[in-house]
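These protein sequence lines map, in sequence, to chains G and W.
Read left to right, the first sequence gives residues 1 to 303 (UniProt numbering).
Read left to right, the second sequence gives residues 1 to 303 (UniProt numbering).
Warning: the hint list may mix true and false statements.
As the list claims (entries may be wrong) - DEER-style ranges, computed between Cβ atoms:
(1) G:226 with W:105: 25 to 35 Å
(2) W:302 with G:231: 24 to 34 Å
(3) W:218 with G:130: 31 to 41 Å
(4) G:147 with W:48: 42 to 52 Å
(5) G:48 with W:34: 51 to 61 Å
(6) G:39 with W:157: 48 to 58 Å
(7) G:247 with W:56: 47 to 57 Å
(8) W:296 with G:40: 44 to 54 Å
What the hints assert, rightly or not - Incomplete in silico selection of chain W near chain G, CB under 8 Å:
(9) 97
(10) 98
(11) 102
(12) 158
(13) 159
(14) 179
(15) 181
(16) 183
(17) 285
(18) 291
(19) 292
As the list claims (entries may be wrong) - Okay, the calculated bits of chain G under chain W, using three or more residues with CB under 8 Å as the criterion:
(20) 155-161
(21) 208-222
(22) 280-290
Treat the hints as calculated values from the structure; they're not laboratory data.
Yeah, the Cβ is synthetic: ideal placement off N, Cα and C, and Gly gets one too.
2 protein chains.
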Amino acid sequence: MRIALAGIGKIALDQHVPAISSSPDWALAATVSRHGGLEGVENFARIDQMLAARPDISVVSLCLPPVPRFAMAQAALRAGRHVMLEKPPGATLAEVHVLRDLARAQGVSLYATWHSREAQAVAAARAWLAGRVIHEGRITWREDVRVWHPGQDWIFEAGGMGVFDPGINALSILTHILPEPVHVTEAELDFPENRQAPIAARLALSGNIAADFDFRQQGPQTWDMEFVTDAGRLALRLGGNVLEIDGRPAGGAGTIMGEYPALYARMADLVRKGASDVDLAPMVLVADAFTRGRRNLVEKFEF
Amino acid sequence: MRIALAGIGKIALDQHVPAISSSPDWALAATVSRHGGLEGVENFARIDQMLAARPDISVVSLCLPPVPRFAMAQAALRAGRHVMLEKPPGATLAEVHVLRDLARAQGVSLYATWHSREAQAVAAARAWLAGRVIHEGRITWREDVRVWHPGQDWIFEAGGMGVFDPGINALSILTHILPEPVHVTEAELDFPENRQAPIAARLALSGNIAADFDFRQQGPQTWDMEFVTDAGRLALRLGGNVLEIDGRPAGGAGTIMGEYPALYARMADLVRKGASDVDLAPMVLVADAFTRGRRNLVEKFEF
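Bound conformation, chain G alone:
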């Protein structure tokens, strides 16, 4: 199937292009980018131009930042194309509701992806936790924004979500592996005085689960979650890629497909089945943290 990729930035080059290239399902037929595309692939400055010129492209994958994503997704769906969305699926919940309803009305597939759910050990963690009683959970997601989002000012603008951009990856795993839904009971958000999105956040969730997100981590990076259950301790480390039970390595050598190849395989499957997959649970928790949270002002941040 021919696919167009819109938003040729870091995540597109690091993940989407290699995943599409290595897939038996997809041919990268066009890009949409104002700043130039890829060698050997037709590029359009605007999505409406691509949609008009290339009726042979049935699927559009959008990996630009959340704020400008909605208009492009709406245009693609209105033109009868299937749409795949990077996470978070939008800057607001209501706009994703609009896209979901539009996809349904158009009879096309919409896939709100959560790449971290495809990390190597997530399925094994989910299977292990099923039916277990969880007494306590702790998420620690601390990374260096200068390393992972160098110079990406949009991430600290209103709607850019700040530290929730990586934090929502943790929440996407959490909402996938827990046997019961959770909700935010308290939140504290640290906003740099010169920015409109938080650089750190601490959440308390129902079921005695705590989350600590920080974008200022230098040196070793941490993407861990640990649970104390009635049957022992589970730890999921390295962003869902390593599983430990009671401190010993377990499972882990599950899917080696890679996160983005797995997303593109799933998208191919959704299109073939005429189905959609739009799970907003991780994004609801983020919106709830913004609504419910205390705000602290912290020192200025510059890249």
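Got chain G sorted already, so can you dock chain W onto it with the hints?
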């Protein structure tokens, strides 16, 4: 049907008690309040005491602030009681999802009320707008928090929602009368330096709709919305109670039941039918405004 009222504050005394007393459907059988209840009605300090002592009370109406409401709603639903929630139905979206799922599992009714939707001219406005093309809309909701929420510090605490406490009334009308769903495209929130919830907010919504919420309005109060359509101008004034078409009074003398009597009549109907009514659209717009919005610090506020 016997009903218990939990949270005996200003809104309970001003609205809920008179609405229940004047209804043919309901008998106020108990209150739950740490600060004392009502003359001649059995009061309990804690909801679990009431639920244990009064199995004859099948319905619980919760009108305490959003943050403490969840635990009480959960307790009442777990005890197999029907539950009615003041607006907003919770401090977070995810907690209302939990309540909704719990009500379904328990086979009881859950009603997330939006009293402003029952204002006198709302149904007429909705009927008039159906099938019309709306070019532009403007909401102005400006009231004096010292008059309407005297000394209620909870409203400016994290999760209290600040000016969205009245603003969500406007949004509940908006999402009810518009033929199409809307989403927040931009937002600006003014936080007093000594408070955790905004005192004013300006939203841009899809479909060229703007909203201006302000808690600092002294003198004349404004709760208006105006729409320019392909068939003329509609204005809904006084919080949904007065309708004007092209500047002339129209309809308006519709339901004179009153907002809260209408809510209690609807609750009786839901219980009789074994149905629930949980529409989160107004609250999604608020959560989106918090997530998407720019924050300004403004001068301190004291009651």
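Cross-check of the supplied hints:
{"no.": "1", "hint": "G:226 with W:105: 25 to 35 Å", "result": "holds, 29 Å"}
{"no.": "2", "hint": "W:302 with G:231: 24 to 34 Å", "result": "violated, 53 Å"}
{"no.": "3", "hint": "W:218 with G:130: 31 to 41 Å", "result": "violated, 58 Å"}
{"no.": "4", "hint": "G:147 with W:48: 42 to 52 Å", "result": "holds, 50 Å"}
{"no.": "5", "hint": "G:48 with W:34: 51 to 61 Å", "result": "holds, 60 Å"}
{"no.": "6", "hint": "G:39 with W:157: 48 to 58 Å", "result": "holds, 55 Å"}
{"no.": "7", "hint": "G:247 with W:56: 47 to 57 Å", "result": "holds, 53 Å"}
{"no.": "8", "hint": "W:296 with G:40: 44 to 54 Å", "result": "holds, 47 Å"}
{"no.": "9", "hint": "97", "result": "holds, 7 Å"}
{"no.": "10", "hint": "98", "result": "holds, 6 Å"}
{"no.": "11", "hint": "102", "result": "violated, 10 Å"}
{"no.": "12", "hint": "158", "result": "holds, 4 Å"}
{"no.": "13", "hint": "159", "result": "holds, 5 Å"}
{"no.": "14", "hint": "179", "result": "violated, 13 Å"}
{"no.": "15", "hint": "181", "result": "holds, 6 Å"}
{"no.": "16", "hint": "183", "result": "holds, 4 Å"}
{"no.": "17", "hint": "285", "result": "holds, 6 Å"}
{"no.": "18", "hint": "291", "result": "holds, 4 Å"}
{"no.": "19", "hint": "292", "result": "holds, 5 Å"}
{"no.": "20", "hint": "155-161", "result": "holds (count 3)"}
{"no.": "21", "hint": "208-222", "result": "violated (count 0)"}
{"no.": "22", "hint": "280-290", "result": "holds (count 7)"}
The structure fails hints 2, 3, 11, 14 and 21 (numbered hints given earlier, in ascending order).
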